[in-house]
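Novice: Okay, here's what each chain looks like letter by letter:
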Amino acid sequence: MTPGDTPTCEQLRDLYARMSLIRQFEERLKWLVETGVPVGAVHYYTGQEAVAAGVCVALNGSDWIASTHRGHGHCIAKGMDVRPMMAELFGKVTGSNRGKGGSMHITDVERGILGVNPIVGAGVAHALGAGLSAKVRKASEVAVAFFGEGAAGIGTVHECMNMAAIWKLPVIFVCENNGYAQATPFEYASSIPHVADRAGAYGMPGTVVDGQDAIAVWRAAAGAVTHARAGRGPSLIEAKTYRYYGHHQSDDTLRYRLADEEKLARDRDCLSQFRAHMESRGPLTLTELNAIDAQNQALLDDAVEFAKASPVPEPHELLTDVYAPVML
Amino acid sequence: MSTRELSFGQAINEALRQEMRRDSRVIVLGEDVAGAAGRAHLGLMDAWGGPMRATRGLIGEFGAERVIDTPIAEMGFVGAAVGAAMTGLRPVVEVMFVDLIGVCYDQIMNQAAKMHYMMGGKVRLPMVLRTAYGTRGDKRSYGGGAAAQHSQTMYSVLAHHPGLKVVVPSTAYNAKGLTLAAIRDDSPVVILEHKFLGSAAKGDVPEADYTVPIGRAHVARSGTDVTLCGIGRTTHVCLEAAQTLQAEFGIDAEVIDVLTLAPLDEATILESVMRTHRLVVVDEDNPVCSMARDIAARAADKAFDYLDAPIKTVTAPDTPVPFSAVLEWLYTPQAAQVVAAVREQLDR
Chain A
1 MTPGDTPTCE QLRDLYARMS LIRQFEERLK WLVETGVPVG AVHYYTGQEA
51 VAAGVCVALN GSDWIASTHR GHGHCIAKGM DVRPMMAELF GKVTGSNRGK
101 GGSMHITDVE RGILGVNPIV GAGVAHALGA GLSAKVRKAS EVAVAFFGEG
151 AAGIGTVHEC MNMAAIWKLP VIFVCENNGY AQATPFEYAS SIPHVADRAG
201 AYGMPGTVVD GQDAIAVWRA AAGAVTHARA GRGPSLIEAK TYRYYGHHQS
251 DDTLRYRLAD EEKLARDRDC LSQFRAHMES RGPLTLTELN AIDAQNQALL
301 DDAVEFAKAS PVPEPHELLT DVYAPVML
Chain B
329 MSTRELSFGQ AINEALRQEM RRDSRVIVLG EDVAGAAGRA HLGLMDAWGG
379 PMRATRGLIG EFGAERVIDT PIAEMGFVGA AVGAAMTGLR PVVEVMFVDL
429 IGVCYDQIMN QAAKMHYMMG GKVRLPMVLR TAYGTRGDKR SYGGGAAAQH
479 SQTMYSVLAH HPGLKVVVPS TAYNAKGLTL AAIRDDSPVV ILEHKFLGSA
529 AKGDVPEADY TVPIGRAHVA RSGTDVTLCG IGRTTHVCLE AAQTLQAEFG
579 IDAEVIDVLT LAPLDEATIL ESVMRTHRLV VVDEDNPVCS MARDIAARAA
629 DKAFDYLDAP IKTVTAPDTP VPFSAVLEWL YTPQAAQVVA AVREQLDR
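The listed protein sequences correspond, in order, to chains A and B.
Last residue of the first sequence: 328 (this note's numbering), numbering continuous.
Last residue of the second sequence: 676 (this note's numbering), numbering continuous.
Simulated from the structure, these hints should not be mistaken for lab results.
A virtual CB, placed ideally from N, CA and C, is assigned to each residue, including glycine.
Only true hints are included.
Now the in silico label distances, taken between C-beta atoms and shown as ranges:
#	chain 1	residue 1	chain 2	residue 2	range
1	A	326	B	647	36 to 42 Å
2	B	645	A	312	44 to 50 Å
3	A	316	B	676	47 to 53 Å
4	B	488	A	260	45 to 51 Å
5	B	647	A	183	37 to 43 Å
When you get a sec, could you build the whole thing from the sequences and use the hints?
Specialist: Structure below.
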């Protein structure tokens, strides 16, 4: 695959299916939060779906991703089952982390998900390690480091970009620039308009892409994947996007965002745009897309039922799994 | 089993070399673990072999893909070790001095330590972090040591975090065995290697492959009158004190080499204290929230009825490490202080 390629029908279906599932997962979660179901601290991904889906559809099952605090979307896009995700949010033993992690630590190493990670920038280093590991093991895997534009201010991210570049590792740095680090606007925290412009400082390609356009994100990611698998080293993709809700579930965005901002972003909603694109140019029909939505709705009905019906951890679980079993 | 005398550093080097031969998943990374590796094309590649020379020669045998010189970027490369451990390797990452963990503490205490538990036991993190620590502690040395930011011990800020194993070898023999055990462990293990053990740590080391179990203390000297607990170099301080106590005061001290700070082998320490009825813990770390006080508290809690005297601790003072050799020597626990503590307990 080379940049500029068009996605196959199957890839288009995947892009929509994953965006739709992420949107519905987050909307369902928001409804649960607002009706008083205790799911802990959550950071909704709503609005940014095209980024996670666009990147992850360009990956293989054996590739790796490291996520951020706003990680539900990345996990779903990488193929994680929503049942253990929802159960984890409910603190149930059937959760992805047996109820010991919650929203900010959802992990599924079997599916290449190295973890949602609420320490800003920390997961980027894990993706670097996965890229290093792939190179040492001579595996053709790539590793994606998702991070926000806020994380572009922390040293770890720059250390990792430098090491990925000098060692020519198969790492793709994906900056999701949603405009705000908590309440701090990007234009305050950066003296240049694009995080991607910093790629040149590390001798790697940097691209700015419309993060509301799943196909554009997919195209940029597919190009970076080809580059990485060919042994040509890392890339930096900056996706300009927007989060519809606050930093976390109880954050009031009107205290720091301008009144019309959200409306402008919603006018360019990634799902609506994708649907309009398919309606005018195909190959998928709105009937097919609606069927995907309905399927996803059923998956979430099932996931919530599963989470509700699952048992909480037994008290003895407090003390288990501090250390891994020792097998010398 | 054939043995020969090795230094502390040689023993660690041998452990790394043997395990890298045995297991292709083991890699070594850190600042100047080779040194000049990027100049292999000019015929230069093993200028340092690590700050303490423990990784000397490894790049020649295993190549630059498995012995990786890093830029000065501890947060990034310790984090990379975490990611590599999650994806099929068994990295041994070196942070030159324990004082430098301040710049990569998140990856140690929030990431490596907590992964297994936080992910419901579904992630293994087989990584080792080797780091050098400690004061020179020798008043005969001219001038000074390395001062406040290159001489610390930092036991308590590592042992504090559940999920992290922390070992402190004291001899060439247990350094090799603990290093091999650490690399084979599926949990993250920090190995603290004292910079100035010198000839005290030299000794016979088997050529063969063996492990010293993590989580078990070693009775370095049997005795009946008092239990002295040492960690790393202070084990040698305790042994020196025990000789003096025997020769000059007829006091028979038992010396326990703690070896693993976390998880602590409480049973061995308590069993000894219940026999000797006295405990002195000797620790090079600062005293507040220290291993010394932790061990003392556990003994007070669980062996109080067996104690014939108040528990004593001999530690560094509550100050940064000073530069001047005279002051640094005063800072560092010495055998004479241990002897004085025991004499006070026995009123002799």
